[in-house]
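Enquirer: Read off the chains here:
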Amino acid sequence: MGIALILVSTLAAGVPLRLDLVLPDHARRGKAVPITLRLSNPGPEPATVYLQGRPTAFDIVITRADGTPVWRRLDRAVISSILQVRVLPPGQAIEFTERWSQQDDRGQAVPVGEYRVTGVLPTDPPSELRTQTVRLRILP
Amino acid sequence: MRTPTPVQALAAGTLILAAACSDGNEPTAPSNETPSAAMQGANQGAPDDPIALARGVPGFGGFYLDAAGKPVVYLKSAAHRARAEQALTPFLRSQGLAPSQLRVLPGRYDWTQLEDWFSRASAGVLAIPGAVFVDANEASNRVTIGVQQGSFARIRGIVERLGIPPEAIEFQETMPVRLLATLRGRVRPVVGGLQINFPGFLCTLGFNAVRNGQRSFITNSHCTNHQGGVESTPYYQPSQNIAPARVATEVSDPVYSQSKTGCPPGYRCRFSDASRAAYTSATTSTLGRIAKTAGPNNGSITISGNFNVTAEGSASVGQVVGKVGRTTGWTAGKVTNTCVNVAVSGTNLGQLCQTLVSARSGAGDSGAPVFKGSSNVTLVGILWGGIVNPNGSSTTFVYSPMANIERELGALTTF
Numbered sequence: 000m001g002i003a004l005i006l007v008s009t010l011a012a013g014v015p016l017r018l019d020l021v022l023p024d025h026a027r028r029g030k031a032v033p034i035t036l037r038l039s040n041p042g043p044e045p046a047t048v049y050l051q052g053r054p055t056a057f058d059i060v061i062t063r064a065d066g067t068p069v070w071r072r073l074d075r076a077v078i079s080s081i082l083q084v085r086v087l088p089p090g091q092a093i094e095f096t097e098r099w100s101q102q103d104d105r106g107q108a109v110p111v112g113e114y115r116v117t118g119v120l121p122t123d124p125p126s127e128l129r130t131q132t133v134r135l136r137i138l139p
Numbered sequence: 000m001r002t003p004t005p006v007q008a009l010a011a012g013t014l015i016l017a018a019a020c021s022d023g024n025e026p027t028a029p030s031n032e033t034p035s036a037a038m039q040g041a042n043q044g045a046p047d048d049p050i051a052l053a054r055g056v057p058g059f060g061g062f063y064l065d066a067a068g069k070p071v072v073y074l075k076s077a078a079h080r081a082r083a084e085q086a087l088t089p090f091l092r093s094q095g096l097a098p099s100q101l102r103v104l105p106g107r108y109d110w111t112q113l114e115d116w117f118s119r120a121s122a123g124v125l126a127i128p129g130a131v132f133v134d135a136n137e138a139s140n141r142v143t144i145g146v147q148q149g150s151f152a153r154i155r156g157i158v159e160r161l162g163i164p165p166e167a168i169e170f171q172e173t174m175p176v177r178l179l180a181t182l183r184g185r186v187r188p189v190v191g192g193l194q195i196n197f198p199g200f201l202c203t204l205g206f207n208a209v210r211n212g213q214r215s216f217i218t219n220s221h222c223t224n225h226q227g228g229v230e231s232t233p234y235y236q237p238s239q240n241i242a243p244a245r246v247a248t249e250v251s252d253p254v255y256s257q258s259k260t261g262c263p264p265g266y267r268c269r270f271s272d273a274s275r276a277a278y279t280s281a282t283t284s285t286l287g288r289i290a291k292t293a294g295p296n297n298g299s300i301t302i303s304g305n306f307n308v309t310a311e312g313s314a315s316v317g318q319v320v321g322k323v324g325r326t327t328g329w330t331a332g333k334v335t336n337t338c339v340n341v342a343v344s345g346t347n348l349g350q351l352c353q354t355l356v357s358a359r360s361g362a363g364d365s366g367a368p369v370f371k372g373s374s375n376v377t378l379v380g381i382l383w384g385g386i387v388n389p390n391g392s393s394t395t396f397v398y399s400p401m402a403n404i405e406r407e408l409g410a411l412t413t414f
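Here the protein sequences line up with chains B and P, keeping their order. Numbering-wise (numbering that gives the first Met the number 0), the first sequence opens with residue 0 and increments by one. Numbering-wise (numbering that gives the first Met the number 0), the second sequence opens with residue 0 and increments by one.
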């Protein structure tokens, strides 16, 4: 399993938070791909985190290698406009999980090939946390 | 004290008494007088505070920089110029000025007198409607009282009874001082559109309402401890951190049910994402008011006034409606769809017969009042969600119409 661990942003002044995207670097065609967004507080102090929606909204964006959109978890989703305020103790993490069924936004199975995956966590608007893009290969 | 910028002096003949009573304003020449050791020891103010530096100078009545940036001091006797120069030297040097540049104006009152009258005037008039500020004015050697238009006679009558020499007072007509409150700040009386908080979440207060004689506000059902069902959720405004006294408690939030007509299999539904909370007796609120920002779709959350609710109603496709929420402020756009059944992402909850609007919203806007108009407004519902575009943005919000809210919460008096 390929794991991307990327420091992406700072939500509260002086408090670094990590948003990590965890997924395998390849999957067999037709097999659902487990994808986890992990928000963690590696710092020594509690960090206040603002999260959108109830349940918390998080997005997974999958494109082809050339950037062509393939699938987006929140595409046309209706999200409640509530703002959740959570305190993340040092060393603790919140995880959001999804399984991509290897279908595009129209419900069509995607072909074998190379894809790009990005995780997005909407926070106090207009802010959002976004991971760096990770490669995913769909094998025959 | 620094004087707030006066908007306009009142009629000079009656109000700017100070000028008429002033001695000749001829500057005096620099002096070679040497301050006594005792005097030097008395001048121990902070170097950036000329009033503190000079208050020990006999007959000192104020210091300021004139319009040209030149230093000016009021003294009851020009004989103390050298002492004033000495006392003010730290400040003058810090400003790149030479003590010899000091211009002395004849003062009628010393600073101790002005401070005493300032205290008396503050205590005597600031609580009177129409009084805006009181200032021991270092630039006029008088006590300046700022009053709103139409309040002068009343305030002057009160001042005359305080034992302050009338000629020591000058009045200035000014505008009332208003705090730049925001939708995310503490606002009393509580009105619609403000940030509210319940444990772990931030939402927006929709609108005030009276139900069976109970002073209340309406917000979303999902802005309660549990969406559907009453758990006596406590509310704070703007947040428990800032204002720890509870302002209201959830009293009505009908449960979601599968039996509603149009509810998809496996879902539980309602016709509105709405709940009602009853205010505590200690919390003031104003019925029929929604906080207003400077304009629609400009991103401002600074409160500039109020919308007045004058009616309840509904909106049709193509009509423009607005909302005020703690996150994105006042946004407005056209209704694109009415009576839409909506599945809420990540849940098995459905909202039946909702309205879609082409306008921006954001996390924290939940509960925002939705209305037609831009001054006297018709209340049409409360916002509860937004639709994510394929590019990840959200330019469509969803609201529960008033008819649905009152169908589930009962008849409400809203203005």
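None of these hints come from the bench; they were simulated from the model. Check the hints yourself; a few may be wrong.
[Stated by the list, open to error] Far from chain P by the CB rule (all over 10 Å, computed), these chain B residues: (1) D19; (2) P54; (3) R85.
[To be verified] Stretch-level coverage of chain B by chain P, calculated; a stretch enters the list once three of its residues show a Cβ under 8 Å from a Cβ in chain P: (4) 76 to 83; (5) 94 to 105; (6) 122 to 133.
[To be verified] Distance ranges between label pairs, derived from CB positions: (7) T279/P to T35/B: 51 to 57 Å; (8) V316/P to H25/B: 16 to 22 Å; (9) A97/P to V86/B: 55 to 61 Å; (10) T335/P to R105/B: 20 to 26 Å; (11) G106/B to V316/P: 27 to 33 Å; (12) R63/B to A244/P: 54 to 60 Å; (13) P110/B to S392/P: 42 to 48 Å; (14) S299/P to R105/B: 35 to 41 Å; (15) P125/B to Q100/P: 47 to 53 Å; (16) T283/P to R63/B: 43 to 49 Å; (17) G106/B to P263/P: 16 to 22 Å.
For each residue, glycine too, the CB sits at the ideal point set by N, CA and C.
Enquirer: Given a hinted range of 42 to 48 Å, is it respected by the beta-carbon distance of P110/B and S392/P?
Expert: Because 28 Å falls outside the window, the suggested range is violated.
Enquirer: Can you let me know if the beta-carbon spacing of T335/P and R105/B is within 20 to 26 Å?
Expert: holds (23 Å)
Enquirer: Cβ-Cβ distance between G106/B and V316/P: within 27 to 33 Å?
Expert: holds (29 Å)
Enquirer: Range hint 51 to 57 Å: satisfied by the CB atoms of T279/P and T35/B?
Expert: Given range 51 to 57 Å: violated, Cβ gap about 43 Å.
Enquirer: Has the stretch 94 to 105 of chain B got at least three residues whose CB is nearer than 8 Å to a CB belonging to chain P?
Expert: Violated - the stretch 94 to 105 of chain B has 1 residues with a Cβ nearer than 8 Å to chain P, which falls short of three.
Enquirer: Quick check on a hinted range of 55 to 61 Å for A97/P and V86/B, using CB atoms only.
Expert: holds (57 Å)
Enquirer: Grab the minimum beta-carbon distance between R85/B and chain P and tell me whether it stays above 10 Å.
Expert: violated (7 Å)
Enquirer: Quick check for students: does the CB of P54/B sit more than 10 Å from each CB in chain P?
Expert: violated (4 Å)
Enquirer: Between T283/P and R63/B, does the beta-carbon spacing fit 43 to 49 Å?
Expert: violated (58 Å)
Enquirer: Three or more residues of the stretch 122 to 133 of chain B near chain P by CB distance under 8 Å?
Expert: With 4 residues close enough to chain P, the hint holds.
Enquirer: Do G106/B and P263/P keep their Cβ atoms within the hinted range of 16 to 22 Å?
Expert: holds (18 Å)
Enquirer: Are V316/P and H25/B spaced within 16 to 22 Å by their CB atoms?
Expert: violated (48 Å)
When each numbered hint is compared with the structure, violations occur for hints 2, 3, 5, 7, 8, 13, 16.
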